[in-house]
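Produce the entire structure from the sequences given, and follow the hints as far as they go.
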Amino acid sequence: MADKNLRFLVVDDFSTMRRIVRNLLKELGFNNVEEAEDGADALNKLRAGGFDFVVSDWNMPNMDGLEL
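Last residue of the sequence shown? That's 50 in the numbering used here, and every number before it is there in order.
What you were told as hints is all true, and nothing was included just to trick you.
In silico EDC-like cross-links for lysine to aspartate or glutamate, where the CA-CA straight-line distance does not exceed 16 Å:
#1 K(-14) to E9
#2 K(-14) to D34
#3 K8 to D(-15)
#4 K27 to E16
#5 K27 to E17
#6 K(-14) to E16
Hints listed in this document are in silico derivations from the structure and should not be mistaken for laboratory results.
Shown next, in the form of structure tokens:
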């Protein structure tokens, strides 16, 4: 069974998609979820550290998920 204290970063330029992923994670018992609206925002948050898992869209403005 997975550690429910894992810290997730959900990255997508569409807030609706971020909300869908957040809600799915919540249904699975994961409540420690943060969001970023593009790769550049995500990179800043990742540099601060502390994330265990990243769920990212590939096609985003500023910096896409592959570049991230």
